[in-house]
Amino acid sequence: MKLVRVAALAAATVAMTAALAGGGGVAQASDGGNLLPHPGPDGVVWLPERTGSGGVVGSGLNRHLDTGLTVACEGGGSIEVTFEAPNLPEYTPVTFALDCPAGTPAERTVQLGSGLSGSFGVQVAASDPGIRWGLVLAQPE
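Residue numbers (our numbering): 243 to 383.
It is worth saying that the hints were derived from the structure and are not from the lab.
Computed from a predicted model, the values in this text were never measured in an experiment.
One or more of the hints may lead you astray.
[Claimed, not checked] Quick list of the computed label-pair ranges, beta carbon to beta carbon:
no.: 1; residue 1: Pro331; residue 2: His306; range: 26 to 34 angstroms
no.: 2; residue 1: Pro279; residue 2: Gly345; range: 17 to 25 angstroms
no.: 3; residue 1: Asp341; residue 2: Asp284; range: 22 to 30 angstroms
no.: 4; residue 1: Arg305; residue 2: Asp370; range: 32 to 40 angstroms
no.: 5; residue 1: Val352; residue 2: Glu383; range: 29 to 37 angstroms
no.: 6; residue 1: Gly275; residue 2: Pro331; range: 37 to 45 angstroms
no.: 7; residue 1: Gly360; residue 2: Pro283; range: 19 to 27 angstroms
no.: 8; residue 1: Asp308; residue 2: Gly372; range: 27 to 35 angstroms
no.: 9; residue 1: Gly319; residue 2: Gly275; range: 16 to 24 angstroms
no.: 10; residue 1: Glu383; residue 2: Leu330; range: 31 to 39 angstroms
no.: 11; residue 1: Thr351; residue 2: Gly319; range: 38 to 46 angstroms
no.: 12; residue 1: Thr334; residue 2: Asn276; range: 15 to 23 angstroms
Each residue gets a CB set at the ideal place from its N, CA and C atoms; glycine is no exception.
Let the hints inform the model, and build the full structure from the sequences given.
Shown next as structure tokens:
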């Protein structure tokens, strides 16, 4: 099971590296510290630090495990986050907003439930190109 999770994480990392793009350009790593710590073996995706709008696509979700999405941000503005599971036509995308105060990171975790499998996408739309954000998509065993 751990080998499958490692392979899925590697595939998701390759996919997210190719897909980090957003409204005004490419989301970039900032020079600041990570907004979210490494999730350990439960992490499907870890983006520790980006600025501006962006997102990630990946695969490898296990429908038998609960899925949680944690997002953190700071910079004076807000972000809108959308999680989609395109291979599950009956799944309704989850969208939420998070205020990003200047100087103090805000964090929110949304439980997406179990039953998610295969590919997914997470989009982050920032109200300002200087907003820092990070995300973790996790499936604790």
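Going through the hints against the structure:
Taking 26 to 34 angstroms as the suggested C-beta distance range, the pair Pro331 and His306 does not conform, at roughly 20 angstroms. The given range of 17 to 25 angstroms is respected by Pro279 and Gly345, whose C-beta atoms sit roughly 19 angstroms from each other. A beta carbon spacing of about 27 angstroms between Asp341 and Asp284 agrees with the range 22 to 30 angstroms that was offered as a hint. Separated by about 37 angstroms at the C-beta atoms, Arg305 and Asp370 satisfy the suggested range of 32 to 40 angstroms.
Range check, Val352 to Glu383: Cβ separation about 20 angstroms, and the 29 to 37 angstroms hint is violated. In this structure the hint that Gly275 and Pro331 lie 37 to 45 angstroms apart at CB holds, the actual value being about 40 angstroms. Evaluation of the 19 to 27 angstroms hint for Gly360 and Pro283 yields a pass: the beta carbon distance comes to about 20 angstroms. A beta carbon spacing of about 34 angstroms between Asp308 and Gly372 agrees with the range 27 to 35 angstroms that was offered as a hint.
At about 19 angstroms, the beta-carbon gap between Gly319 and Gly275 stays in the expected band of 16 to 24 angstroms. At about 21 angstroms, the beta-carbon gap between Glu383 and Leu330 misses the expected band of 31 to 39 angstroms. Take Thr351 and Gly319: their Cβ atoms lie about 20 angstroms apart, and the range 38 to 46 angstroms is violated. Checking the proposed 15 to 23 angstroms range against Thr334 and Asn276 shows it is violated: the Cβ atoms sit about 31 angstroms from each other.
Checked against the numbered hints above, the structure breaks hints 1, 5, 10, 11 and 12 and satisfies the rest.
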